[in-house]
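2 protein chains.
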Amino acid sequence: MLFFGTYVNKVDRKGRVSVPAAFRGALQHPAGAPEAIILRPSHKEPAIDVFPVDYFESLSVSLADLDLFSDEQDELSLTLFASALQVHFDGEGRVLLPREMAEAAGITTHAAFVGRGHIFQIWEPAAAEASKREAIERARRRGVTLPRRRPAEEPK
Amino acid sequence: MLFFGTYVNKVDRKGRVSVPAAFRGALQHPAGAPEAIILRPSHKEPAIDVFPVDYFESLSVSLADLDLFSDEQDELSLTLFASALQVHFDGEGRVLLPREMAEAAGITTHAAFVGRGHIFQIWEPAAAEASKREAIERARRRGVTLPRRRPAEEPK
DNA sequence: CGGGAATACCCATGCTATCCCATAATGTCC
DNA sequence: GGACATTATGGGATAGCATGGGTATTCCCG
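Top to bottom, those sequences are chains A and B. Be aware that the first sequence starts at 188, since it is given in the working numbering, and climbs by one per residue. Be aware that the second sequence starts at 188, since it is given in the working numbering, and climbs by one per residue.
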């Protein structure tokens, strides 16, 4: 399932937000209602990356193949797990935004849920809007098309 | 179950700290509440490595695959077992930090619990923060972010 | 053996997260 | 277009968590 579109929801005074129903639907847990999601501060943008639990687990499987005390395992496990958090839905489909992540993303009263395919992000709405605009502008200037494969790296 | 996230808890004057509830939950002991964990000074970082008892036991099994009396077996068994300690939870989910390990990690009034997948670590909070930041920075520079497969090796 | 320290067990407390119910707004189906 | 289901939101009550301290017990050193 993929995550599409942008939705802005309110953050209540307890720090809760409803995850858009469209996204909850895309989370379709095998056994009925989705239970939880994984949050992680985005390392490139002032936003929170959100992973479905099983997608995140597929990322972490590769770690199990690495030798326990290798440098590689060390570094990856630290970046992957140390700043990630699992949060659970309440009965109404809301989650509690971890204070620290919300602050880092500048989120206060409203949160923008931005679909990005296999994952989605949570932004401060104005920042999300600005970033989107900027990305579109950059893409236009560059004449980006739609590569079917991942480009080697960005020019800059 | 995996260990996620970073939590900072207070060390009381008797040297006790609450293990974060999220971690206790991940310890899921078959027979109800988790009983104990294994602590070991990390040999690469100023921190305490923490293993669930059964995971630690599974490590010792793989150790048995190495030739007895080989240098490798010798070295590993020494580092792995000689300085390891088992500590028990009290009724409130706290453990007593062994003085020596706490000192070696520079832990005084606060302890940071850092999830790393199958294990977690206990750090002095500022040191944990610094190390995490560094690892993320290094990973980003290498372009290794969230690999789904084991990266062959870094280009550079 | 006796005394002191370190440890384990117990209870108390403020705080936060979670559960549960209520309501308004929106969308859907026939 | 009207009845109903779903969604987003709000708030009160409760349970769980982190923390503090008192006290009994054990261990060790003399």
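No lab work stands behind these hints, which were simulated from the structure alone. A hint or two may mislead.
If chains are identical, the list can't say which one is meant, so a pair holds when it fits in one copy or spans any two.
Heads up, simulated EDC-like pairs for lysine to aspartate or glutamate below, C-alpha to C-alpha not over 16 Å straight-line [as the list claims (entries may be wrong)]:
| no. | residue 1 | residue 2 |
| --- | --- | --- |
| 1 | K319 | D261 |
| 2 | K201 | E262 |
| 3 | K201 | E290 |
| 4 | K319 | E259 |
| 5 | K231 | E262 |
| 6 | K231 | E279 |
| 7 | K319 | D277 |
| 8 | K231 | E324 |
Just so you know, these numbers come straight off a predicted model, no measurement behind them.
We went through each hint and held it up to the structure:
1. K319 to D261: Result: close only across copies, 11 Å inter versus 31 Å intra.
2. K201 to E262: neither (34 Å within a copy, 33 Å between copies)
3. K201 to E290: Within one copy only: 14 Å inside a chain, 34 Å across chains, cut-off 16 Å.
4. K319 to E259: Classified as between: cross-chain Cα gap 14 Å, same-chain 30 Å, threshold 16 Å.
5. K231 to E262: Both ways: K231 and E262 sit 15 Å apart in one copy and 12 Å across, limit 16 Å.
6. K231 to E279: Close neither inside one copy (31 Å) nor across copies (39 Å); limit 16 Å.
7. K319 to D277: neither (30 Å within a copy, 30 Å between copies)
8. K231 to E324: Classified as between; 11 Å across copies, 18 Å inside a copy.
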